[in-house]
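K.L.:
For reference, the chains in residue letters:
There are 2 protein chains.
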Amino acid sequence: MKVAYLGPIGSYSYEAARRFFGKEREKLIACETIDDVFETIEENRAEFGVVPVENSIEGSVSTTLDYLLKSQVYIVKEIVLKVEHYLCAREEKEQILTIASHPQAFSQCHDYLRKNFKQAKLIQVSSTSYAARMCAEGEVDAAICSSFAARQNNLKILAGPINHDNNYTRFFIISKNANFEKGEKNKTSIIFSTYDKPGSLYKILAIFNLYDLNLTKIESRLAKTNLGEYVFFVDIDGFVDEEDVSDALKVVQRKSTFFKLLGSYSVVCPDK
Amino acid sequence: MKVAYLGPIGSYSYEAARRFFGKEREKLIACETIDDVFETIEENRAEFGVVPVENSIEGSVSTTLDYLLKSQVYIVKEIVLKVEHYLCAREEKEQILTIASHPQAFSQCHDYLRKNFKQAKLIQVSSTSYAARMCAEGEVDAAICSSFAARQNNLKILAGPINHDNNYTRFFIISKNANFEKGEKNKTSIIFSTYDKPGSLYKILAIFNLYDLNLTKIESRLAKTNLGEYVFFVDIDGFVDEEDVSDALKVVQRKSTFFKLLGSYSVVCPDK
Chain C
1 MKVAYLGPIG
11 SYSYEAARRF
21 FGKEREKLIA
31 CETIDDVFET
41 IEENRAEFGV
51 VPVENSIEGS
61 VSTTLDYLLK
71 SQVYIVKEIV
81 LKVEHYLCAR
91 EEKEQILTIA
101 SHPQAFSQCH
111 DYLRKNFKQA
121 KLIQVSSTSY
131 AARMCAEGEV
141 DAAICSSFAA
151 RQNNLKILAG
161 PINHDNNYTR
171 FFIISKNANF
181 EKGEKNKTSI
191 IFSTYDKPGS
201 LYKILAIFNL
211 YDLNLTKIES
221 RLAKTNLGEY
231 VFFVDIDGFV
241 DEEDVSDALK
251 VVQRKSTFFK
261 LLGSYSVVCP
271 DK
Chain R
1 MKVAYLGPIG
11 SYSYEAARRF
21 FGKEREKLIA
31 CETIDDVFET
41 IEENRAEFGV
51 VPVENSIEGS
61 VSTTLDYLLK
71 SQVYIVKEIV
81 LKVEHYLCAR
91 EEKEQILTIA
101 SHPQAFSQCH
111 DYLRKNFKQA
121 KLIQVSSTSY
131 AARMCAEGEV
141 DAAICSSFAA
151 RQNNLKILAG
161 PINHDNNYTR
171 FFIISKNANF
181 EKGEKNKTSI
191 IFSTYDKPGS
201 LYKILAIFNL
211 YDLNLTKIES
221 RLAKTNLGEY
231 VFFVDIDGFV
241 DEEDVSDALK
251 VVQRKSTFFK
261 LLGSYSVVCP
271 DK
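Residue numbers (the UniProt record's numbering), protein chains in the order written: chain C, 1 to 272; chain R, 1 to 272.
Please note: incorrect hints may appear among the correct ones.
Where chains are identical, the list cannot tell them apart; a pair therefore holds if satisfied intra-copy or between any two copies.
What the hints assert, rightly or not - The calculated lysine to aspartate or glutamate pairs, modelled on EDC-like cross-linking and capped at a C-alpha distance of 20 Å, are:
id, residue 1, residue 2
1, LYS197, ASP212
2, LYS187, ASP36
3, LYS115, GLU39
4, LYS197, GLU137
5, LYS82, ASP66
6, LYS82, GLU219
7, LYS156, GLU39
To be clear, the hints were calculated from the coordinates, so they are not data collected in a lab.
Just need the whole structure built from these sequences, with the hints factored in.
P.N.:
As structure tokens, this is what we get:
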């Protein structure tokens, strides 16, 4: 079985894939972009994919959401990981003059950096795992990255976790097969459209209210096809085999201009 | 008057600042991160700030939204710019072996790259403006960036626009002073919280429905302070001086557990 993930090795998506699919590395396929992960699944080069869905370090929700909207893949699992950033280097150093990381990681470690490395030059790169590799190759004195990216690149952890926010990142495991498996905590994700007029979203939410369903997420996006038409991404507590969920979705489908079931899946939080 | 923006020179935020505040460069202050822009405003080192709020290339909505939630600054204007990516180089080249850009820009130019540069090595960097600078300094053969980043770095445009999606990016102009000015098209942004129980969001949306207000955006986020409590970011069509808007906001404030007016502002779309 092959699993495509948003690479490189040491990325948060890699860690999510490793945690869920085990440690045999040969079956993990690193992809350069979120698009590549989706295409690898669509073209049957892998059975599963791991993509970030709420992760300020690696990718925006929107890229993954846009692909879920247009492609024929389903969400089959959600993995929630804790984000912890560490200051890492090849060896203990007297002076750190250059530090590489993702801009968002710099933001999340702002207080620590201001207190301890006010004079250091911050080099912004596209991912924390890439920063770790740069550090390993001697291009910078230190990197801010995850502990697994540090391990992957044989870096020493000098300090950490150094981030101030208590952040979690969410990942979806995606597949072409809608084999939905129920677990302990379950969610169901849908996309629907309504016309752009006052009260149309309210009418749809009345349906969820009627069936006592709790929304754990709602996000509106302008549909790219028709200006003025909205697409709503909604996550519901519950699994599709529950009567309230399946009945509510039937009504929502009938009352919306567009409807797509993205998946029904269990949520795994290995860090909690 | 000083204006802080998410740099470097040539970034989309720079272009938004330049388009809105004019071309005198001395008053524009480049900031390294979105955090820095907010702090520059809070510490009175600039009167205005320009930050991306919906822009897959430069920053996630979430960083800006998180800051709006916790800081004492207001939205005073929204600027919408069209995103167009170009293939740029120092000179016309026979062979392009390395191309630098932001991962999201590579995604958006995926079809073009696959057709024309299947063999080229793609170097992922933290921003398209940084990619342009790398190209100018001879570190890569070409960069995918905006036309103004190309100009800024004396690069020739070889092809473009090469992106397939018709994307717009949104920027907020922020200020410590709540001097809300009405324009032709106006929006009002608020944040509110409800308890995590079925129907609580629905009850709040009933208020907007009652006053015939159109929501142009709704986004839920888990409040970082209390797990299980939600924060909703909502944009409404209309200005705070309109009776329906001000009356509805009064009721929403009374019926929510937390409420903050982020701003009431006009929307400017220079590209349309």
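K.L.:
Does each hint hold? Answer for all of them.
P.N.:
Hints and how they fare:
{"no.": "1", "hint": "LYS197 to ASP212", "result": "between (25 Å within a copy, 9 Å between copies)"}
{"no.": "2", "hint": "LYS187 to ASP36", "result": "neither (26 Å within a copy, 37 Å between copies)"}
{"no.": "3", "hint": "LYS115 to GLU39", "result": "between (44 Å within a copy, 16 Å between copies)"}
{"no.": "4", "hint": "LYS197 to GLU137", "result": "neither (56 Å within a copy, 51 Å between copies)"}
{"no.": "5", "hint": "LYS82 to ASP66", "result": "between (25 Å within a copy, 18 Å between copies)"}
{"no.": "6", "hint": "LYS82 to GLU219", "result": "neither (23 Å within a copy, 22 Å between copies)"}
{"no.": "7", "hint": "LYS156 to GLU39", "result": "neither (36 Å within a copy, 32 Å between copies)"}
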